[in-house]
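2 protein chains.
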Amino acid sequence: MQVIVWATLDTLQRNKILQRSISKVGANQELTSSVASIISQVKIQGDSALFKCAQQFDNVNLDSLEVSVKEYQAIASLDQKSKNAIITAAENIHHFHQMSCPKDFEYEKNGINLGKMYRPIEKVGLYIPGGTAPLVSTLLMLAIPAQIAGCQTKILVTPPQVDGKISPAILFAAKHCGIETIYKAGGAQAIAALAFGTQTIPKVYKIFGPGNKYVTEAKLQVSKDALGAAIDMPAGPSEVLVIADDKANPAFIASDLLAQAEHDKEAQVILVTTSKQIVNQVLAEIEVQINYLSRKQIIHEALNHSRIILANSINECFSIANSYAPEHLILHIKEAKSSLAKVVNAGSVFVGQWSPESVGDYASGTNHVLPTHGYARMYSGLDVMAFMKSISFQHLTLDGLKYIGETVESLAELEGLDAHKNAVSLRLKSL
Amino acid sequence: MQVIVWATLDTLQRNKILQRSISKVGANQELTSSVASIISQVKIQGDSALFKCAQQFDNVNLDSLEVSVKEYQAIASLDQKSKNAIITAAENIHHFHQMSCPKDFEYEKNGINLGKMYRPIEKVGLYIPGGTAPLVSTLLMLAIPAQIAGCQTKILVTPPQVDGKISPAILFAAKHCGIETIYKAGGAQAIAALAFGTQTIPKVYKIFGPGNKYVTEAKLQVSKDALGAAIDMPAGPSEVLVIADDKANPAFIASDLLAQAEHDKEAQVILVTTSKQIVNQVLAEIEVQINYLSRKQIIHEALNHSRIILANSINECFSIANSYAPEHLILHIKEAKSSLAKVVNAGSVFVGQWSPESVGDYASGTNHVLPTHGYARMYSGLDVMAFMKSISFQHLTLDGLKYIGETVESLAELEGLDAHKNAVSLRLKSL
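Top to bottom, those sequences are chains A and B.
Numbering that gives the first Met the number 0 numbers the first residue of the first sequence as 0 and each following residue consecutively.
Numbering that gives the first Met the number 0 numbers the first residue of the second sequence as 0 and each following residue consecutively.
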């Protein structure tokens with residue numbers, strides 16, 4: 000890991016250090032065009048394109064895209080310990096997400112009754128990445144807020160395993176979260192199927208979930224298409240920024256950095272500290288702990304482009320964190336909780352030495368789908384509202400219209416829109 | 000206006016009738032490339048590109064991009080009636096928007112303290128279109144929620160008048176809403192300046208506001224750029240769908256359809272009714288009222304592609320409205336208020352004969368920046384939250400980690416992420 004002394008850098012160098020490489024958010028010409036061609040194949044050929052892609056990209060010959068009732072019997076093979084873990088995590092996630100559930104309101108003032116109604120998005124698509132292991136936690140993070148929002152149609156798509164099956168853990172978690180239908184599709188083709196629909200997979204209005212660069216690029220492309228679908232948020236590689244003072248526990252810090260690094264060789268890992276001693280102790284701890292970890296290779300590649308920044312004060316650490324706007328921010332400092340007031344830009348904050356990121360990744364209740372690549376400056380992590388939209392309304396009595404009428408007429412006049420003015424004048428004259 | 004009997008159509012024809020023409024949401028190759036070239040000019044040349052564009056597109060030679068303190072003296076020339084109208088509208092908009100202001104929360108359970116903090120987006124850009132008249136209402140709809148959210152930097156850009164000045168009404172409304180700096184720039188070049196910054200205009204994180212097809216396309220392009228900015232929502236031409244029963248007032252309905260039609264020759268105007276008589280009466284009323292309106296030509300062009308749909312029941316009217324998902328929905332029916340329960344997809348609803356759309360466009364308090372082109376299926380109108388983002392946090396005690404630890408370990412194991420598991424195990428072992 001590169002060690003940088005913040006005080007020795009000028010503004011340009013500092014910006015450069017905190018800048019993500021753009022290549023990491025997808026869009027290069029080759030990626031763009033190959034994803035575009037996959038999308039158009041799905042648009043034109045529908046299901047048959049999905050079967051072809053499953054052969055081509057997942058090396059699977061599927062008999063059917065939909066998971067059959069019979070396949071759900073595989074749930075029986077899932078051990079009780081895993082089932083309990085999924086149930087406990089789901090309970091905590093449900094509890095936290097209900098807290099930020101939006102509430103309808105209305106009021107009346109001068110004969111004008113105004114209000115807002117929150118409605119679920121009727122049809123949503125949930126993408127669960129495949130890969131070496133079943134990402135059951137991602138399923139919980141998408142399906143539970145969709146369930147609380149009350150979305151009628153929740154379409155789950157996920158790439159099949161090499162044997163053409165879906166992992167028992169995914170099947171169990173899906174059932175537990177009220178997901179009725181699961182389709183075997185992954186990559187750009189799955190996103191295209193959700194955005195435009197096929198003979199088997201229904202079109203949805205909004206697509207949620209993380210994925211590799213093909214999935215990310217496909218989500219961007221369908222969200223630009225007037226006939227496509229909206230998406231949850233743009234996504235880059237996962238990130239953590241850790242702030243540590245001289246009293247912090249180097250072993251705990253190292254374990255947090257390593258946990259982030261194992262995600263992906265492009266994962267972003269940054270330690271910002273006021274203590275030279277912590278720098279050395281953390282580097283030493285990483286050398287020790289990495290030997291016991293199975294994803295050594297990925298971790299090494301991630302750490303190669305990771306940085307340790309030595310700052311002059313805790314306040315400087317926070318200003319660095321706020322300019323970087325990390326997906327995950329971990330605070331290994333004294334009075335960590337009261338320091339939350341200093342956080343301006345971050346996806347989720349892990350406060351104090353007993354709050355490792357993995358707790359939030361899996362089970363405490365917060366959502367782990369969070370803004371990356373600095374998008375924490377303007378995007379929120381996933382919540383129930385992301386699965387809903389609001390509808391405002393107004394109901395005026397005759398007195399209400401009399402009260403506000405002149406104001407509306409003046410403003411319509413000011414904007415030169417006399418048909419707007421007439422809609423009020425004509426009503427008032429009609430009396 | 001084309002009159003359609005819904006019962007005589009098959010599903011395909013019905014979908015076609017309710018489909019917006021895609022051309023209307025911008026993206027054609029010529030538009031895309033001309034906007035792209037304007038954006039790259041602003042990226043490379045900064046201010047000088049903006050001065051050039053002002054000459055080229057607005058026919059103005061500007062001395063300065065920023066509105067000077069001296070120019071604010073023009074406010075004195077604004078009549079008191081207009082000032083009062085702006086003040087009253089602002090008061091109502093402020094009141095309504097504060098009602099949906101998100102609230103921080105936190106709770107503690109089993110030694111796990113979880114919560115969410117809502118923070119303003121630090122830097123936002125507000126685009127106010129120019130044209131024949133000053134769109135002071137749009138300024139209020141953008142600036143007031145930004146003010147309530149607490150955004151530190153609110154950059155307002157708007158095209159200058161032919162005389163190079165900004166209208167006194169805009170200057171007054173901006174001051175009244177706490178906008179400090181206004182820049183004279185319009186079109187795609189203004190959006191590029193906000194997204195990437197120039198020597199004079201600061202870069203912002205999110206861009207708000209309606210505009211013509213160049214502005215809309217520019218917003219789409221900068222929102223795709225990893226170094227660009229987020230945008231409020233995709234936008235198409237303004238729309239209204241009116242539902243009327245046989246007891247409705249044809250003159251009121253006609254005035255509402257005409258108010259929508261005067262916006263833009265591409266405005267979408269739809270009447271859905273159960274009464275043949277209402278159809279004829281409304282058509283007759285339109286012929287009468289249109290003669291008194293100054294924007295006849297635009298209205299005629301808009302009405303040429305507008306539709307009247309004759310349905311069998313009020314419930315069928317609502318199912319048509321919900322599939323169309325209109326920006327504005329006006330209910331000229333009995334028990335209009337209780338019918339709100341039937342609304343699934345709409346931007347804003349105007350309930351009953353005394354609630355013309357213009358009331359909400361200007362002064363009642365609801366926001367008039369609403370999802371068009373069917374985006375009401377998954378997007379909300381502008382609100383305070385659009386100017387904020389949420390940050391979740393968690394603070395565990397040692398007991399909290401002991402309580403949840405095993406669940407996290409099991410799920411990390413299930414997903415094959417042992418560094419995630421280790422971050423917990425190592426802490427628990429350290430005791």
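Simulated from the structure, these hints should not be mistaken for lab results.
Even for Gly, the Cβ is constructed at its ideal location relative to N, Cα and C.
Do not take every clue at face value.
To be verified - Derived BS3-like pairs: lysine-lysine, alpha-carbon spacing no greater than 27 Å straight-line:
1) LYS333/B with LYS428/A
2) LYS108/A with LYS122/A
3) LYS51/B with LYS202/B
4) LYS246/A with LYS102/B
5) LYS246/A with LYS42/A
6) LYS42/A with LYS15/B
7) LYS333/B with LYS246/B
8) LYS122/B with LYS164/B
9) LYS122/A with LYS246/A
10) LYS223/A with LYS223/B
11) LYS42/A with LYS102/B
12) LYS212/B with LYS401/A
13) LYS428/B with LYS223/A
14) LYS401/A with LYS82/B
15) LYS401/B with LYS336/A
16) LYS341/B with LYS102/A
17) LYS122/A with LYS223/A
Said to hold, decoys possible - One side of the interface only, derived from the structure: several residues of chain A facing chain B at Cβ under 7 Å:
18) GLN79
19) ALA84
20) ILE86
21) ALA88
22) SER99
23) LYS115
24) PRO201
25) TYR204
26) TRP353
27) GLU414
28) ALA422
Starting from the hint list further up, note which numbers the structure goes against and sort them upward.
Hints 2, 4, 5, 9, 11, 12, 13, 18, 20, 24 contradicted; others consistent.
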